[in-house]
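Colleague: Heads up: the sequence lines are chains A and B, in that order. Position 156 (the first sequence) corresponds to 186 in the numbering used here; numbering is contiguous. Position 151 (the second sequence) corresponds to 152 in the numbering used here; numbering is contiguous.
Check each hint, because a few of them may be wrong.
[Unchecked claim] Okay, derived cross-link-like pairs now, DSBU-like style, lysine-lysine, Cα gap no bigger than 30 Å in a straight line:
(1) Lys62(B) to Lys409(B)
(2) Lys362(B) to Lys250(A)
(3) Lys439(B) to Lys250(A)
The hints are simulated quantities; they were obtained by calculation from the structure and are not laboratory data. This one's a predicted model, so the numbers in the text were calculated from it and none came from an experiment.
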Amino acid sequence: MAELTHDRGGRPAGRAAVLKPQVYAWVQDYGVYAAVLALLLFNVLFTPHFLDAANFRTQLVQVTPIVIVSLGMALVIGTQGIDLSVGSVMALAAALTVLYLGYGWLPALVVAVIGGAVVGAAGGALVAYVGVQPIVATLALLVGVRGLANVLVPQLVEFRNPGLIALGSSSVAGIPVIVLIAAALTVIVLFVVRRTTFGRQVVAIGGNRSASELSGLPVKRVLLTVYVISGLLAALAGVLATARLQASDPTSLGQFIELSAITAVVVGGTPLTGGRIRVLSTVMGALLMQLLAATLIKHNLPQSWTQMVQAVIILAAVYATRKRGTR
Amino acid sequence: MRRTELTADSVAGPEPVLEARGVTKRFPGVLALDGVSLALRPGEVHALVGENGAGKSTLIKVFTGVYRPDGGELRYRGAPAAFATPMDAQHAGISTIYQEVNLVPMMSVARNLLLGREPRGRFGVIDAAAMYGEAERVLAGYGVETDVRRPLRTLGVGAQQMVALARAVSVDARVVIMDEPTSSLEPREVETLFGVIAKLRERGIAVMYVSHRLDELYRVCDRVTVLRDGRLAHTGPLAGLDRLRLIALMLGRDLDEVRSAGLTSFDRAGQPRANGQAPVVEARGLTRRHVLDGVDVSVRPGEVVGLGGLLGAGRTETAKAIVGALPLDGGQVLVAGAPLRGGSTAAAIRAGVSLLPEDRKAEGIIPTLSVRENIALAALPALGRAGVVSEARIDKVVEIFMRRLRIKAASPHQLVSELSGGNQQKVLLARWLAVRPKVLLLDEPTRGIDVGAKAEVQALIDELAREGLGVLLISSDLEELVEGADRILVLREGAVVGELSGDEVTEERIMATIAEQADG
Numbered sequence: 031m032a033e034l035t036h037d038r039g040g041r042p043a044g045r046a047a048v049l050k051p052q053v054y055a056w057v058q059d060y061g062v063y064a065a066v067l068a069l070l071l072f073n074v075l076f077t078p079h080f081l082d083a084a085n086f087r088t089q090l091v092q093v094t095p096i097v098i099v100s101l102g103m104a105l106v107i108g109t110q111g112i113d114l115s116v117g118s119v120m121a122l123a124a125a126l127t128v129l130y131l132g133y134g135w136l137p138a139l140v141v142a143v144i145g146g147a148v149v150g151a152a153g154g155a156l157v158a159y160v161g162v163q164p165i166v167a168t169l170a171l172l173v174g175v176r177g178l179a180n181v182l183v184p185q186l187v188e189f190r191n192p193g194l195i196a197l198g199s200s201s202v203a204g205i206p207v208i209v210l211i212a213a214a215l216t217v218i219v220l221f222v223v224r225r226t227t228f229g230r231q232v233v234a235i236g237g238n239r240s241a242s243e244l245s246g247l248p249v250k251r252v253l254l255t256v257y258v259i260s261g262l263l264a265a266l267a268g269v270l271a272t273a274r275l276q277a278s279d280p281t282s283l284g285q286f287i288e289l290s291a292i293t294a295v296v297v298g299g300t301p302l303t304g305g306r307i308r309v310l311s312t313v314m315g316a317l318l319m320q321l322l323a324a325t326l327i328k329h330n331l332p333q334s335w336t337q338m339v340q341a342v343i344i345l346a347a348v349y350a351t352r353k354r355g356t357r
Numbered sequence: 002m003r004r005t006e007l008t009a010d011s012v013a014g015p016e017p018v019l020e021a022r023g024v025t026k027r028f029p030g031v032l033a034l035d036g037v038s039l040a041l042r043p044g045e046v047h048a049l050v051g052e053n054g055a056g057k058s059t060l061i062k063v064f065t066g067v068y069r070p071d072g073g074e075l076r077y078r079g080a081p082a083a084f085a086t087p088m089d090a091q092h093a094g095i096s097t098i099y100q101e102v103n104l105v106p107m108m109s110v111a112r113n114l115l116l117g118r119e120p121r122g123r124f125g126v127i128d129a130a131a132m133y134g135e136a137e138r139v140l141a142g143y144g145v146e147t148d149v150r151r152p153l154r155t156l157g158v159g160a161q162q163m164v165a166l167a168r169a170v171s172v173d174a175r176v177v178i179m180d181e182p183t184s185s186l187e188p189r190e191v192e193t194l195f196g197v198i199a200k201l202r203e204r205g206i207a208v209m210y211v212s213h214r215l216d217e218l219y220r221v222c223d224r225v226t227v228l229r230d231g232r233l234a235h236t237g238p239l240a241g242l243d244r245l246r247l248i249a250l251m252l253g254r255d256l257d258e259v260r261s262a263g264l265t266s267f268d269r270a271g272q273p274r275a276n277g278q279a280p281v282v283e284a285r286g287l288t289r290r291h292v293l294d295g296v297d298v299s300v301r302p303g304e305v306v307g308l309g310g311l312l313g314a315g316r317t318e319t320a321k322a323i324v325g326a327l328p329l330d331g332g333q334v335l336v337a338g339a340p341l342r343g344g345s346t347a348a349a350i351r352a353g354v355s356l357l358p359e360d361r362k363a364e365g366i367i368p369t370l371s372v373r374e375n376i377a378l379a380a381l382p383a384l385g386r387a388g389v390v391s392e393a394r395i396d397k398v399v400e401i402f403m404r405r406l407r408i409k410a411a412s413p414h415q416l417v418s419e420l421s422g423g424n425q426q427k428v429l430l431a432r433w434l435a436v437r438p439k440v441l442l443l444d445e446p447t448r449g450i451d452v453g454a455k456a457e458v459q460a461l462i463d464e465l466a467r468e469g470l471g472v473l474l475i476s477s478d479l480e481e482l483v484e485g486a487d488r489i490l491v492l493r494e495g496a497v498v499g500e501l502s503g504d505e506v507t508e509e510r511i512m513a514t515i516a517e518q519a520d521g
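Just need the whole structure built from these sequences, with the hints factored in.
Modeller: Here is the structure:
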């Protein structure tokens, strides 16, 4: 993914943006890569111990659930929708995981993922077949599914299943397994978006739903599937987060992650108006936010600073998208 | 009036109210306007014509403050002008009526008409009664009689356009720019519009009239400016400029070439072509309350069947019903003798029936995708294996159709929304041809596209029919319908009221058929 930027300097986006339409287009396409690169460079130069492997690993492991959830979110947003239920689906997955852990960690994982897919199907059916607005349908699920998860597992439960603990903490060639899983999922979603009929249909429906219907696309089925995928990915993120925590915490796991995921998608340059999905940029968006927070913390700036800088980045990303739209 | 205009042309004439002097506008990779000058005088109706991509839209947008020129000067009422936003231009007295109606569909007709200057009662509250009364009075002057309390979207497109016009004119305008104002109007509404234009002229308001319909230009316009490839090709009085010469100027073609090609590009020499064959698609008793009343249509292979009738007669609805995009109360569609499952466009497409919709922007193109993706859209399942698309096969299909339909795009990867209307229409035609249909339903295939593209589309319809494709052609352009179709069904109020074939297919007969029923 970095090859897209290696030959271009990290030009300051704000200054460039007042110059030319081509520059807008460039900022929108590669701005997030440039920003990640610039931030990395800054850290290499000015942050002590930044290049330590341990530090790198921590950053990546922390951002993994957001990356996985935002992959599904990008698909949903590509159809002009939104999925607010992802955090609650993570909680449900955490609850289901400990409930079925007696059968082994793999069956528990499968049950949790099926649970996520069912929640996604419920949201998708409401959106595609009943015609409920995505924000309303998934808001209902955000509230209801968190409740369900708390009913299933009312308080934090620690577990000692070695398989699940290994999933959360072991590494292959120095890279944490959950990071590898996130990378694999990114590649899969990228393939689905770029190379499959389904992926093309998703963006077409987001771009113009009535034209897609008249072109014979299975609009309702595609919409339903998109929400199922989002639920499935969120559940997987929930299981991995649980494995890393070595405890199931349905009360607080995944809270507000929908906002982080939407942020990653938006900062990555996927417009909320649908019709365009940028998978790698979404991942970069998540990394950018994580890196930013880490950088500011390492330089002893309070959390409140991070939030304000993140707000500026979100606005800058939306500004770049808007310029492309009015060209 | 006309006479003073003519002398005005030969001498200096009255001071232009709006003038472009050597205006240049550049877009990445394109010089959209190259030193174009145009003077619009008070009380004249000035035609602006040219093929798509000639720079008409860009010039209008320069006049209305959407774009700022890169070079040259814009003058308004004798002083240099620079409109920062469309709002500035509007406040200065330049009103524009766009092809697509720019109103608020959910608000009432009256609110739309008087938006921003509603009659106020005590405490600044809107005086609803006065507003409705005022709106009814104004609209009656435009021949629109409707309940002004209804949301605007419940009106037909034509009526909506009259509301837009009434609104544009009633805000103290000095210049009114009309971009294809008649493209969705019924003949009666067109007459009303011309009446309004005459009144504007009497009041000394300058009208810039953009249209592809030559009849209209000759009826209402005093002068004409022709743009071609971003340059000024001609400007002068319209009277005395003959039609073929005007077309030749627009196309930049040789006059003799245009003359030999005729005004439309249909060549019906070999007709009739479809005798004896079984219909490839047959609709029986299509019925939907208030919309369709037992419509029977059949199309044979290689036959072009025209659907005639006024706006709202049920032509578009018939086409949509055939492809399953309109829920029906009754009726059946047979394709090659086998019944089609209702309510599924996908099933209709698989059976070989495709619809090119009337509203290109809302129902046709996917604006966020490239030319290539738009062409491949309907054929995607066929252009891959196990759900994975084959880029090579898509490239091949796209290349074939871009060449065959002469789609002008910088590359297949250019966004379809950046193309001209004519090229967008060709992209949609390519989308359908790529699925190899047995029958194509074409709803206004040449509406709002330039003369050159229109000719190409007409020639293509001809060619496809010759190759055995069945075509159902819907067109408000009678000339196109008569020259293009083998057989014409005339619709009125959702029912077929007449069928014309052979020598009966003439403009007079179509109009007479519609009129007969109107009297009866």
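Colleague: For this structure, which hints from the list above don't hold up?
Modeller: Those not satisfied: there are none.
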